[in-house]
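S.K.: The primary structure of each chain is shown beneath.
There are 2 protein chains.
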Amino acid sequence: MTQNSSIKVGFVGLNCANTLAIKTHCQAILQVSSFFEISAIYNDNIQESLDIIDRLSLQDAVAYPSLKQLVSNSGIDMIVFTSNGEQLYDKIMSILDNIREEKNQIKYLLFEWSLNFSLTQTEFLANQTIELGIQTIISLQSRKSPYIIRAKELIEDGSIGNINSIEVAGNGNWFGYERLQKSPQFLYEMDARRDLVSYCFGHTIDALEYITGSYFSTINSMIFNNIPEQVLVDDMGNSLGKKVQKNVPDHLLFQGKLIKGNVPVSCSFKGGKPTKKFTKNLVIDIHGTKGDLKIEGDAGFIEISNLVLYHSGIKVNINADIQDPPPEGQVIYNTDDEVLEFFHYRNYNALVGNMAKLYQSIADFNDQKNGKFHDASLLPISQKPKADELILIQGLQMDGFPTLLDALALYRLVENVYKSNAVGSTLNVSNINQYP
Amino acid sequence: MTQNSSIKVGFVGLNCANTLAIKTHCQAILQVSSFFEISAIYNDNIQESLDIIDRLSLQDAVAYPSLKQLVSNSGIDMIVFTSNGEQLYDKIMSILDNIREEKNQIKYLLFEWSLNFSLTQTEFLANQTIELGIQTIISLQSRKSPYIIRAKELIEDGSIGNINSIEVAGNGNWFGYERLQKSPQFLYEMDARRDLVSYCFGHTIDALEYITGSYFSTINSMIFNNIPEQVLVDDMGNSLGKKVQKNVPDHLLFQGKLIKGNVPVSCSFKGGKPTKKFTKNLVIDIHGTKGDLKIEGDAGFIEISNLVLYHSGIKVNINADIQDPPPEGQVIYNTDDEVLEFFHYRNYNALVGNMAKLYQSIADFNDQKNGKFHDASLLPISQKPKADELILIQGLQMDGFPTLLDALALYRLVENVYKSNAVGSTLNVSNINQYP
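As given, the protein sequences belong to chains W and H, one line each in that order.
At position 143 of the first sequence (counting the first as 1) the number is 143 in the UniProt record's numbering, and the numbers step up by one without a gap.
At position 33 of the second sequence (counting the first as 1) the number is 33 in the UniProt record's numbering, and the numbers step up by one without a gap.
Do not take every clue at face value.
Remember, identical chains collapse to one label, so a pair may be satisfied in a single copy or spanning two.
[As the list claims (entries may be wrong)] Computed cross-link-like contacts, DSS-like style, restricted to lysine-lysine with a CA-CA straight-line distance of at most 30 Å: (1) Lys315 / Lys243; (2) Lys419 / Lys23; (3) Lys242 / Lys260; (4) Lys103 / Lys23; (5) Lys260 / Lys68; (6) Lys242 / Lys315; (7) Lys246 / Lys369; (8) Lys68 / Lys242; (9) Lys277 / Lys152; (10) Lys290 / Lys91; (11) Lys315 / Lys23; (12) Lys243 / Lys91; (13) Lys103 / Lys243; (14) Lys246 / Lys290.
Read the hints as simulated data drawn from the structure, not as lab findings.
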């Protein structure tokens with residue numbers, strides 16, 4: 001495969017300060033480098049773009065002085081938005097305007113969860129991209145985690161019978177008693193929507209819906225800010241003798257019923273130093289009529305944590321014998337009827353791996369759409385995917401990847417979580433997953 | 001101590017069919033037999049009284065043909081109500097009328113949790129007993145469990161710092177997919193109030209409030225009946241090929257905030273066969289700023305299950321070194337500052353033990369009140385405890401034993417749990433613990 005056949009990626013907001021984007025997107029692209037090429041970078045300050053190109057030795061990437069030039073002159077197929085800037089939405093809109101005017105070759109827009117603009121803006125954006133025939137992708141990358149996919153398969157094939165209850169407990173240590181001095185400020189600003197509810201809970205509950213194949217019908221929540229001040233600490237965790245105010249939540253209680261099977265789900269998400277000695281910082285217990293699944297992680301960030309998946313239940317899929325369990329899974333007990341097994345890839349780097357699998361699924365989709373792979377920049381505009389060729393919404397299906405409409409469904413759930421707490425009510429959310 | 005100095009106990013509703021009462025109350029009294037003597041039995045059918053006297057060889061017990069005679073002629077100090085009959089409240093009222101008229105020697109009335117009469121009736125009953133100067137006791141016997149008391153001590157002395165979150169998950173298998181053919185019918189009748197919410201959750205949440213020293217300020221609940229039919233099974237768990245309808249709940253989701261520290265509490269109680277392979281059927285996780293407690297049990301009935309208590313935290317009480325951990329507890333790790341330990345009495349029979357400790361605390365109270373122990377029947381009526389000598393309410397203090405006013409507080413919580421589910425609201429319950 002020649003370099004020309006790669007999907008050319010332009011980044012908005014990739015810079016040396018954005019360490020998470022470097023660790024996830026850039027490393028992920030490196031893992032699937034035969035399909036992607038980082039071609040263009042935009043930051044409000046062009047020096048930041050030059051610095052990151054230099055630091056990561058992105059020899060094929062060009063730093064653009066304006067968004068307009070990024071869109072018009074770079075020949076990119078895909079824009080990845082890794083900015084958390086307040087002006088992000090305006091930037092996206094100006095890019096859409098350019099695309100509309102120029103009918104250029106941009107086919108993919110990738111947004112990070114969580115979105116730091118409003119629900120209404122998200123709806124508008126989703127509609128605009130569909131009208132323009134642009135494929136959106138949202139980085140709900142835990143849907144690509146091999147553990148989450150395996151859990152989904154086990155449930156779909158009946159390996160634990162019918163689900164009858166679920167308990168989730170997670171720990172997001174950004175929002176506890178201590179704050180790393182170098183933590184980005186946006187984590188502590190509600191408008192940025194990188195808080196415990198939007199971000200930690202959002203990723204996890206999306207993964208849970210994906211695993212179970214069901215959205216929620218009914219929810220209730222209580223949100224706490226019991227830690228109004230955090231102690232500033234250095235990289236080694238040593239106190240710097242200063243306290244800073246915290247206005248974002250440090251605890252979420254959530255409970256609800258899944259639409260499918262009316263399954264009770266109990267969920268507790270806390271900020272705070274992960275001192276837990278007797279339980280992991282992320283635990284998802286899924287109980288069924290014929291067995292159980294347990295998912296454990298060392299950190300309450302399901303999308304970037306390496307996990308362990310335990311399965312106790314019945315053996316349903318005989319063919320699974322041949323390929324499963326995966327290389328590092330282990331079957332502890334196995335009769336004709338029963339199986340007790342766990343799955344764990346000791347060296348799996350979830351931070352990079354899940355994102356790389358998300359990018360891989362974009363490449364697969366691109367291949368499929370184009371029959372064989374073309375240099376997208378050479379395609380006449382008529383060959384750009386039309387709306388009916390887009391993945392409008394992944395929903396809770398295995399195939400494809402999550403889109404802006406999936407993000408919209410999750411965003412509405414998060415908004416209802418805030419609302420339930422504010423108005424003190426149990427809410428019906430059966431209809432929030434419908435488009436538009 | 002002579003036989004005369006024992007507290008003479010009369011039972012209402014103790015018979016051969018009431019196996020739980022035999023296993024708990026009778027065995028408990030046997031364990032503290034120097035302080036108690038079973039002297040009288042009443043059942044609507046006197047033959048049942050004669051049968052149980054015969055079966056248990058209760059040589060000092062007399063079967064009374066009427067409640068009036070039980071009260072007037074037996075010389076008993078204490079009545080224990082182990083009946084689940086529908087007429088229980090009327091019987092209690094008739095007994096109170098007798099006591100009022102005769103000013104006899106009855107000083108103690110012991111009721112079983114949960115109460116199968118209404119909240120209003122409970123309030124009335126509590127007021128009546130206080131006016132009459134009669135000491136009530138409620139069998140919330142988990143408050144006497146050595147594990148619960150140890151957990152309460154560890155929290156009170158700061159061994160896990162300040163509590164910042166709690167998760168509870170329990171399994172009550174009466175209310176699942178199968179029903180033992182010999183199960184008493186009242187378990188499946190809402191009016192009997194032996195359901196998952198009143199009974200299983202009630203006992204557990206009372207223990208949790210007791211451990212933490214705090215009632216709830218805010219609660220929300222969702223109640224499910226996802227298993228409308230149960231398969232009848234024999235003692236060995238074999239299906240009898242028949243299904244019976246079930247109208248009582250099989251799942252409760254509960255979440256709330258403790259008054260003290262605004263602590264988030266997440267709670268999931270399920271019916272169903274305890275198939276869980278990766279978690280115990282009862283798990284209480286209490287997380288603090290300096291450590292954690294975990295309580296585990298094999299069955300979701302905290303008041304009758306043998307438990308294991310794990311503690312990770314700091315060493316606060318230096319004196320505790322001498323006597324603690326208890327004989328079968330084990331310290332795994334212990335520096336000047338930190339300790340990792342667990343408590344488990346391998347041969348502790350919680351079913352009997354907790355109840356025996358409840359009876360013991362009544363005997364202690366009786367001793368204390370009477371200076372030294374008198375034959376209560378010889379005391380002039382003026383020496384009977386007055387209202388101001390009663391334990392009106394134990395509250396969440398270590399001393400004493402729970403009374404009808406403690407039951408009232410818990411009953412109000414349970415009623416609010418039902419109400420929250422019915423009206424779909426988060427409820428303020430800050431004031432339900434006030435008397436009257």
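S.K.: Tell me, please, which holds for Lys260 and Lys68 at an alpha-carbon limit of 30 Å: within, between, both or neither?
M.R.: neither (46 Å within a copy, 57 Å between copies)
S.K.: Up to 30 Å between alpha-carbons, please classify Lys242 paired with Lys260: within, between, both or neither.
M.R.: So Lys242 and Lys260 pass the 30 Å test across copies only (27 Å; inside, 49 Å).
S.K.: One pair to classify: Lys315 and Lys243, alpha carbons no more than 30 Å apart. Within, between, both, or neither?
M.R.: Classified as between; 27 Å across copies, 54 Å inside a copy.
S.K.: Since the copies are identical, ignore which copy is meant and state whether Lys419 and Lys23 lie within 30 Å (CA to CA) inside a copy, between copies, both or neither.
M.R.: Classified as neither: same-chain Cα gap 34 Å, cross-chain 49 Å, threshold 30 Å.
S.K.: Within a copy, between copies, both or neither: where do Lys103 and Lys23 come within 30 Å Cα-Cα?
M.R.: neither (33 Å within a copy, 81 Å between copies)
S.K.: 30 Å Cα cut-off: does Lys243 pair with Lys91 within a copy, between copies, both or neither?
M.R.: neither (35 Å within a copy, 63 Å between copies)
S.K.: Taking 30 Å as the upper bound on the Cα-Cα distance, should Lys315 and Lys23 be classified as within, between, both, or neither?
M.R.: neither (38 Å within a copy, 41 Å between copies)
S.K.: Please sort Lys246 with Lys369 into within, between, both or neither, judging by C-alpha distance up to 30 Å.
M.R.: neither (47 Å within a copy, 53 Å between copies)
S.K.: Please work out whether the CA atoms of Lys277 and Lys152 approach to 30 Å or closer within one copy, between two copies, in both situations, or in neither?
M.R.: For Lys277 and Lys152, the Cα distance is within 30 Å both inside one copy (29 Å) and across copies (19 Å).
S.K.: Check Lys242 against Lys315 for me: Cα-Cα at most 30 Å, and say if that holds within a copy, between copies, both or neither.
M.R.: between (56 Å within a copy, 27 Å between copies)
S.K.: Checking an output row: Lys290 and Lys91, CA cutoff 30 Å. Within, between, both or neither?
M.R.: neither (51 Å within a copy, 46 Å between copies)
S.K.: Are the CA atoms of Lys103 and Lys243 at most 30 Å apart within a copy, between copies, both, or neither?
M.R.: neither (52 Å within a copy, 66 Å between copies)
Hint compliance for this structure: hints 2, 4, 5, 7, 8, 10, 11, 12 and 13 are broken, all remaining hints hold.
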